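Just so you know, the sequences run in chain order S and H.
With this note's numbering applied, the first sequence covers 1 to 434.
With this note's numbering applied, the second sequence covers 1 to 434.
Keep in mind the hints are simulated off the structure, nothing from the lab.
Model, not experiment: these values are computed from the prediction.
Where is the CB? At the ideal position from N, CA and C, for every residue including glycine.
Fair warning: there could be bad hints in the mix.
Partial chain H-side listing against chain S, Cβ under 7 Å, derived [to be verified]:
1. LEU92
2. LEU173
3. HIS217
4. GLU220
Protein chains: 2
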Amino acid sequence: MQRILSSQLHGHLGQTVRAAGWIHRRRLLKSVAFLILRDRDGLAQIVITEPQQRELLESLPEETTVSVVATVTANPSAPGGIELTEPQIEALTEPAVAAPFDLFRPQLSATLPTLLDHAPFALRHPRRSAVIKIGAAAVAGFRTALTEQSFVEIHTPKIVGTATESGATVFGLDYFGRRAFLAQSPQFYKQIMVGVLERVFEVGPVFRAEPHDTVRHLAEYTSLDAEMGFISDEYEVMAACQGAVAGMLEGVESLAAQSMQMLEAKMPALPAEIPIVHFTDVREMYTKATGEDITSEPDLAPAHERWLGGWALREHGSDFVFVTGFPTAHRAFYTHPDLARPGFSRGFDLIFRGLELLSGSQRMHRHSDYVAALAARGQTDLAPYAGYLDAMAHGMPPHGGFAFGLERFLGRLLDLPNVRLASNFPRDLNRVTP
Amino acid sequence: MQRILSSQLHGHLGQTVRAAGWIHRRRLLKSVAFLILRDRDGLAQIVITEPQQRELLESLPEETTVSVVATVTANPSAPGGIELTEPQIEALTEPAVAAPFDLFRPQLSATLPTLLDHAPFALRHPRRSAVIKIGAAAVAGFRTALTEQSFVEIHTPKIVGTATESGATVFGLDYFGRRAFLAQSPQFYKQIMVGVLERVFEVGPVFRAEPHDTVRHLAEYTSLDAEMGFISDEYEVMAACQGAVAGMLEGVESLAAQSMQMLEAKMPALPAEIPIVHFTDVREMYTKATGEDITSEPDLAPAHERWLGGWALREHGSDFVFVTGFPTAHRAFYTHPDLARPGFSRGFDLIFRGLELLSGSQRMHRHSDYVAALAARGQTDLAPYAGYLDAMAHGMPPHGGFAFGLERFLGRLLDLPNVRLASNFPRDLNRVTP
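Bound conformation, chain S alone:
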């Protein structure tokens, strides 16, 4: 008999159907027992009065998988107005082991380490699986938006021969007897691929060996990367970036509305044009507003970003705000300088609800500029950059791009207290299992 999902039962009123899923909860009352069945679409209530079926249910702990043949019956007081009656229950495995904590309560009360230790179990809680579904919807929206803008998806190597971007924070590995590294970003490769396809994006893992134990750091996360050529300036990149973020929000709204509702998460306000403020203006605005003089600070601190987030919401009704023109010295070596403002760059950040979500910039595109910028940072041995500089030497267009972590986006969207809750199996300083 074909399986009917919980969401489709209402269309089979009066019929005998087969449902299947996990025993989400048992309620064993005196004269009646209830089995709340969970499947990928939601919950279904099954009413048990027959003694043998009740005995069977009593022997099956929560999370045991079952198949249930029963009659779909209207009951205005049941959740959704229907329930399954006169069931024949069949266990699909041996009884599940005892649960380390209850999955059937609306909130998970277990501590974070307990949730992570028991991730294969904890992720089954509807509030945890909702995060995964929202993430999948956001990524689908990211891809759709960029594909519509003629970006092509690429897959770049995660095992790389040199630790060039920032040597201290990469994982080393033994690669057939020689030393290799895990890519901390697809930065060089996506730039190279602009030389091939003009517009590229990638969704893939990146690896950071940063020994930080904070609520914001992961040693492995899913990076959303885009890069585009033949731009006039970084504002074109920011427009593509806004399009990608808008696509993610549309994806969430159209594909994961139910999950958003369950988490009581509010869709962010994204205006037709995200406000853009130059770095030096942010410093002045903050100084004027707070009386604390930050006009000679070389970078924005989290407190400044929070203040700016509040400003964008008050003044522009926006949960997002771009900051442009960061000082060159605080940006990656490939960032294009702002030739009209010495010391400042064409690098930008996107602040989402008062927290830096992503960084981007126009990149340099002339081979000679790369050689000079690397030399200025003390890099005179260019051998580790060979493939990257090869692309620049063979003719590259003015280009730029941006990158951000899916987990950070989800953390901000869903107001998660720890980025680990946006990852299914987070990797950090102390955790490499499950």
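With chain S held as given, fit chain H onto it using these hints.
Positioned in the frame of chain S, the structure of chain H alone reads:
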């Protein structure tokens, strides 16, 4: 002035427009010079008669990026019936360095090692970038087909704590002072996630430390993985698999038809139902057809797969054929045995044009079956399998899935002589750059 792409020039006949791209080819004739400009959409011919412009062009080697303001002019003898005349050329960088080989010829004559050494350059050849575009279209189709079947996209960790699937072929790394490994597949995690979401898929890198130097092996490739719960048998998995492959072909046909045409690649024949043959029947059919007795062989050799591929095409007009029921001893420990045929499993392969494309199976789903299967293979220390077995102990549905490499799919689809040509920056025994 806004840039017009080569594919859109015909809509601007008589107008002065700006085009931009790479100098694909220069043809310096006596009285006239031609600049063939390449952008992401194709080629445009620019006619130069003015001496200063010609002098400029002579100083700009192939692959230099340029912006060109010119008039769109009809010329029936030009490619596409139009050309750009009276151009003002502006170089966007310094002149490109000398090309290691010509990109403007229809075929790339450089050897494979040369192509790979110069990948950032070689990938710009339209026949190389076509492979990337076809790959992106195939992956988009894979995701669409599975999303329509309620599969949810997941991202599982690539750094794992134990080398459990097959210890000899994993890369080890130093993870904050302890030993960790690169995941050789998302197998355990996707099974765990069936316990959470029922149906999941992942597109991501996998890592194989196999010291094989063949035309079929890569040390890192893009794996397409799917896994589904509450199945009756492996035939349901095969149906989902056929749907995924059909989606990939639809993606290629609708999004990359031009690239397929350029490569003169023939779309494969995919019937409404891919023929399915049991392993033991393949042995008998082959023996009968060839006179060579393989009825007691424990696995299929490449020659047998080739023969079967020919049979499927002749008898069923299909470039694909499923083989089911492989001997249990030759499949992964998690493969569900066929209880009706001792010694045989619920594992299957999909043969694509005579070559194994993918493997799949119904998996075991009872915790006790896992403990027994591991013990039978000499694994009595279950600690390395803790998270995986945790999922099984907490109630799993009957489930199954499949996995295959994007590069192998592309290799077969495009008849590439070496799987390295399906990867942008292949990683193998001897190559970890560029």
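Supplied contact hint for LEU173/H, tested at 7 Å Cβ to chain S: holds (4 Å)
Interface hint compliance - HIS217/H to chain S, C-beta minimum distance less than 7 Å: violated (12 Å)
Evaluation of the interface hint that places GLU220/H against chain S, nearest CB under 7 Å: holds (5 Å)
Closest C-beta approach of LEU92/H to chain S relative to 7 Å, hint status: Status holds, d = 6 Å.
When each numbered hint is compared with the structure, a violation occurs for hint 3 only.
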